[in-house]
Every structure is written in C-alpha cells, then in structure tokens.
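Chains as they are written, first to last, in my numbering: chain A, 1 to 119; chain B, 1 to 115.
None of these hints come from the bench; they were simulated from the model. Be careful, since some hints might not be right.
To be verified - With beta-carbon atoms standing in for the labels, derived distance ranges:
#	chain 1	residue 1	chain 2	residue 2	range
1	A	119	B	85	23 to 33 Å
2	B	27	A	50	36 to 46 Å
3	B	65	A	81	20 to 30 Å
As the list claims (entries may be wrong) - Restricting the straight-line Cα-Cα distance to at most 25 Å, the calculated cross-link-like pairs of lysine to aspartate or glutamate (DMTMM-like) are:
#	chain 1	residue 1	chain 2	residue 2
4	A	70	B	22
5	A	38	B	103
6	A	106	B	103
7	B	64	B	22
8	A	106	B	65
9	A	3	B	59
Quick caveat, the model's predicted, so the values are computed rather than measured. Virtual Cβ for every residue (Gly too), placed ideally from N, Cα, C.
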Amino acid sequence: AQKVTQAQTEISVVEKEDVTLDCVYETRDTTYYLFWYKQPPSGELVFLIRRNSFDEQNEISGRYSWNFQKSTSSFNFTITASQVVDSAVYFCASLPPNAGGTSYGKLTFGQGTILTVHP
Amino acid sequence: GAVVSQHPSWVICKSGTSVKIECRSLDFQATTMFWYRQFPKQSLMLMATSNEGSKATYEQGVEKDKFLINHASLTLSTLTVTSAHPEDSSFYICSARDGRSWEQYFGPGTRLTVT
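In isolation and in its complexed conformation, chain A is listed as follows (with noise of 0.2 Å):
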C-alpha cells in the first residue's frame, strides 16, 4: 500500500512571496508514479504534474518546480512569486504501477495543503 504524508495543513504567505509545498511518500513498489493537483474553490481538481520514478530531474513550468528526491522519499513543489490566484488546496498523489493487483489503477491522496496568498 502507498501513503502520502502532507505535513502542512495550512500555510498563509503575502502576494510574491515564494512558497514550497512538502509531500512525502511510502510505497513497496519499484515504479510508480507521484502527482500533484490543485483544487481551487470551485472543487475541480486541476492537474498539475506527474512525474515517473525513473525520473529524478527537477521540472519547471513557469513560476512552478517540483524536486523528487527518492532518496528522500519526497516529491516538493515551489511556487515563485506567489498571486493570489494561487489560493487553493494542493494535495500530492501516488500512483502504483499498472500491473494489476487490488492496488490497480489507485491513486492515493495526502491530507492536502490549504495555500492561502494575501495581496
């Protein structure tokens, strides 16, 4: 079984700050695959990124990155000059690989991480 660890209930941070979003995860398996999402207040979960475990390089895409460390078990996400549109719920996932099993197709969610951004 797979577990996501968000320790970060809530952060608060004024408009341009920088901010960093911690995920940590557990999984027996091999490969997998780790995601992150955001939920803003309407509900809709909007994908954000996925990343394979075979994959270690740092991706940026905008004022988004993301650091996977396996080594550490984490999957970190950095939001550059923070806006206020940022303002929403982000929650990490893990993935098992698709091979079968009870675990097939599951994703397993983190507590999520409430981001609010002031101006």
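Given chain A, work out where chain B should sit, using these hints.
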C-alpha cells in the same frame, strides 16, 4: 484534452430519498472509473472502482448497498446514493481512466446536500 463531466453539479435532496450522479467521459472510452468522496477540508477518499460491464469494487468501510455504482457503458458510470441522510452530504468526484492511454481524468465534482 480529455473531458469528464458530472451531472448534476450540485443537488439538494430530502432525507430518505435517492440521488443519482452521472459521470461521463466525453471524448474517450473509460474502461475504469473511480468514485471519490470529499468532506469539507479533507482529502479525497476513494469509495469504489468500477469497470465497464462488471460489478464495482468497494473500498473497505463503504456500504455497497447504499452507494450503488453502475458502469454500463464505456463512457458512463453512475453513483446512486440510496436513502440519503444528512451525513451523506459531501462532494462526490469521479475520475475516468482512458482505456488506451491509461491517463486518469477527473470530473468537476457533484456537491450533495441532504436536508
């Protein structure tokens, strides 16, 4: 990109009645669909997995007689909350997995309020 719709987006019903929520994949065939429930300020909890043409697999603690899931076609899965009670009030989200690409896409969610 692939689109998953849910209908209705919100519903208010009286205690004791049943409510059906539809989840549709609009531009791909979904061999598997997942149903989640999310209470306020909490994470998504997987309720069940449905595969087209077969019975749904429920997670531990989820009452299958209360939450009826039907996945009759490759583009439609329905969740029926039977004899709803106020404690069933929640945000229900479905996701659909594309049978060819294995990608999973989420619907916009349905907010259920039972009075």
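Against the earlier hints, flag every one the structure doesn't satisfy and list their numbers going up. Result: hints 1, 2, 3, 4 break, sorted rising.
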